[in-house]
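Based on the provided sequences and hints, a complete structural model is requested.
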Amino acid sequence: MMRKLSPAIVVAVVLSMILRPGAEACSSFTLRDDGVLIAGRNLDAPGPLPGLVVVNKRGVKKTGQSFDWLYGGERS
Numbered sequence: 025m026m027r028k029l030s031p032a033i034v035v036a037v038v039l040s041m042i043l044r045p046g047a048e049a050c051s052s053f054t055l056r057d058d059g060v061l062i063a064g065r066n067l068d069a070p071g072p073l074p075g076l077v078v079v080n081k082r083g084v085k086k087t088g089q090s091f092d093w094l095y096g097g098e099r100s
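Note that the sequence shown ends on residue 100 in the numbering used here; no numbers are left out.
Think of the hints as simulated: they come from the structure by calculation, not from any bench. Bear in mind that the values here come from a model prediction, so they are computed numbers and not experimental data. Heads up, the beta-carbon is just placed ideally off N, CA and C, and yes, glycines get one too. It is possible that part of the hints are untrue.
[Claimed, not checked] Ranges between beta-carbon positions, derived for each pair:
| hint | residue 1 | residue 2 | range |
| --- | --- | --- | --- |
| 1 | Arg65 | Gly88 | 19 to 29 Å |
| 2 | Ile42 | Val78 | 37 to 47 Å |
| 3 | Arg27 | Arg56 | 52 to 62 Å |
| 4 | Lys85 | Arg65 | 50 to 60 Å |
| 5 | Phe91 | Ile62 | 55 to 65 Å |
| 6 | Gly88 | Cys50 | 23 to 33 Å |
| 7 | Ile33 | Val60 | 49 to 59 Å |
| 8 | Arg82 | Ser52 | 15 to 25 Å |
| 9 | Leu29 | Val60 | 50 to 60 Å |
| 10 | Arg82 | Ile42 | 47 to 57 Å |
| 11 | Gly83 | Met41 | 47 to 57 Å |
Take a look at the structure:
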């Protein structure tokens with residue numbers, strides 16, 4: 025026995041398929057081989073996102089800025 029679909033249900037299904045929000049996918053990856061680690065991610069993010077390549081050489085000591093430096097010293 026076949027039942028007729030309600031026009032309201034058909035319209036609701038079609039509208040939900042048309043008006044659905046877009047999917048914003050992103051991905052990241054790491055490659056490891058012989059002690060070398062390469063990390064990356066795609067640039068599919070919305071808006072301007074410039075690419076950047078950073079090479080961290082082994083055995084090089086680095087120092088960063090402190091939180092206090094960023095905000096001008098002591099905070100109350």
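Check each numbered hint from earlier against the structure, then list the numbers of those it violates in ascending order. Numbers 4 and 5 - these are the hints that the structure violates, sorted from lowest upward.
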